[in-house]
Amino acid sequence: MALPIKETPVLIGKDAKNFVEEMKSTQDKKISAEEQLRIKDNYEKMMKASKQYSTFADD
Amino acid sequence: MTENFFLVRLSPEHIIKPFRCDDNDLNDFFHNDALPHAIQLLAVTYILESDSETIAFFSLLNDKISISDMPSKTMWKKLISKAMPERKKYRSYPAVKLGRLGVNDSYAGKGYGTMILDFIKELFVYKNRTGCRFITVDAYNDVNVLKFYQKNDFKFLTTKDEKEQTRLMYYDLKQVTN
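Residue numbers (this note's numbering), protein chains in the order written: chain A, 1 to 59; chain B, 1001 to 1178.
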């Protein structure tokens, strides 16, 4: 049997502090225009691939 | 990257096409556990396939990241007030978990893994019907796997799992919207 998918633990102590600090730094972080374009392009490729089986009906 | 591929949701009716990657646990999960997870509504597996082979698969489930306590209450108030706008301070944040992601050995290194991550990012920021702030991933504790997620800007959730078989990582979707 394969490993079970691990549950996400409740963060405590230093892990909680690091997580909140990272969230704080991401609040104003912006990905590059190039990355934004790549994400959209890859999303479109996957949506196109999903059409035959209507896996993700785009409503 | 082949242009001719299809994205299918795994169901009992679906005939799985050949898949093999260098991680036996991942092979085992795909062939034996993915469908029972779907039937029990625990995780949905999506398959990227060509006419003859499985190119890649990924399994998604609901998740959340919760914070229980901080070294001090003052520190918590100070940090969270800078991390989130006024009135949006929670101790629990909605997430989608990428339970497993596997790419067939024949298609490794061709950009399919990143394409799947990008798809999930766009899908859960702009097309999701509920709020979702983070992607979490239960990544195999393998240097190449961890490098792949780090390259895609995932961070480690904790250092406590450094010696375990998998490590939990996360990606803050907020940066996609800024």
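Honestly, the hints are just simulated from the structure, not real lab data. Do not take every clue at face value.
In silico DSS-like pairs for lysine-lysine, Cα to Cα no more than 30 Å straight-line [to be verified]:
(1) B:Lys-1127 with A:Lys-48
(2) A:Lys-24 with B:Lys-1110
(3) B:Lys-1017 with A:Lys-6
(4) B:Lys-1089 with B:Lys-1017
(5) B:Lys-1064 with B:Lys-1147
(6) A:Lys-51 with B:Lys-1110
(7) A:Lys-6 with B:Lys-1174
(8) A:Lys-14 with B:Lys-1064
(9) B:Lys-1017 with A:Lys-17
(10) B:Lys-1110 with A:Lys-17
(11) A:Lys-45 with B:Lys-1147
(12) A:Lys-30 with B:Lys-1017
(13) A:Lys-24 with B:Lys-1017
(14) B:Lys-1017 with B:Lys-1147
(15) B:Lys-1174 with B:Lys-1064
(16) B:Lys-1064 with A:Lys-45
(17) A:Lys-30 with A:Lys-45
(18) A:Lys-48 with B:Lys-1174
(19) B:Lys-1160 with B:Lys-1127
(20) A:Lys-45 with B:Lys-1089
(21) B:Lys-1163 with A:Lys-24
(22) B:Lys-1017 with B:Lys-1127
(23) B:Lys-1174 with B:Lys-1127
(24) A:Lys-45 with B:Lys-1163
(25) B:Lys-1147 with A:Lys-29
(26) B:Lys-1160 with A:Lys-40
(27) B:Lys-1155 with A:Lys-6
(28) A:Lys-24 with B:Lys-1064
Please read all numbers here as calculations on a predicted model, not as lab measurements.
These are the hints, each one checked on the structure:
1. B:Lys-1127 with A:Lys-48: 15 Å, holds
2. A:Lys-24 with B:Lys-1110: Roughly 34 Å between the alpha carbons, so the hint for Lys-24 (chain A) and Lys-1110 (chain B) is violated.
3. B:Lys-1017 with A:Lys-6: Judged against 30 Å, a Cα distance of about 27 Å means the pair holds.
4. B:Lys-1089 with B:Lys-1017: Distance of about 46 Å is beyond 30 Å: violated.
5. B:Lys-1064 with B:Lys-1147: 23 Å, holds
6. A:Lys-51 with B:Lys-1110: The hint holds at about 22 Å.
7. A:Lys-6 with B:Lys-1174: Holds, at roughly 24 Å.
8. A:Lys-14 with B:Lys-1064: 18 Å, holds
9. B:Lys-1017 with A:Lys-17: 45 Å, violated
10. B:Lys-1110 with A:Lys-17: It is violated: about 37 Å lies between the C-alpha atoms, which goes past 30 Å.
11. A:Lys-45 with B:Lys-1147: 24 Å, holds
12. A:Lys-30 with B:Lys-1017: 39 Å, violated
13. A:Lys-24 with B:Lys-1017: 44 Å, violated
14. B:Lys-1017 with B:Lys-1147: Judged against 30 Å, a Cα distance of about 28 Å means the pair holds.
15. B:Lys-1174 with B:Lys-1064: 15 Å, holds
16. B:Lys-1064 with A:Lys-45: At roughly 28 Å apart (the allowed maximum being 30 Å), Lys-45 (chain A) and Lys-1064 (chain B) satisfy the hint.
17. A:Lys-30 with A:Lys-45: Answer holds: Lys-30 (chain A) to Lys-45 (chain A) is near 23 Å, not above 30 Å.
18. A:Lys-48 with B:Lys-1174: 25 Å, holds
19. B:Lys-1160 with B:Lys-1127: 34 Å, violated
20. A:Lys-45 with B:Lys-1089: Measuring from Cα to Cα gives roughly 36 Å; hence the hint is violated.
21. B:Lys-1163 with A:Lys-24: Within the cut-off at roughly 28 Å; holds.
22. B:Lys-1017 with B:Lys-1127: Holds, at about 29 Å.
23. B:Lys-1174 with B:Lys-1127: This hinted pair holds, its Cα atoms lying about 14 Å apart.
24. A:Lys-45 with B:Lys-1163: 37 Å, violated
25. B:Lys-1147 with A:Lys-29: 21 Å, holds
26. B:Lys-1160 with A:Lys-40: 35 Å, violated
27. B:Lys-1155 with A:Lys-6: Holds, at about 16 Å.
28. A:Lys-24 with B:Lys-1064: Answer holds: Lys-24 (chain A) to Lys-1064 (chain B) is near 18 Å, not above 30 Å.
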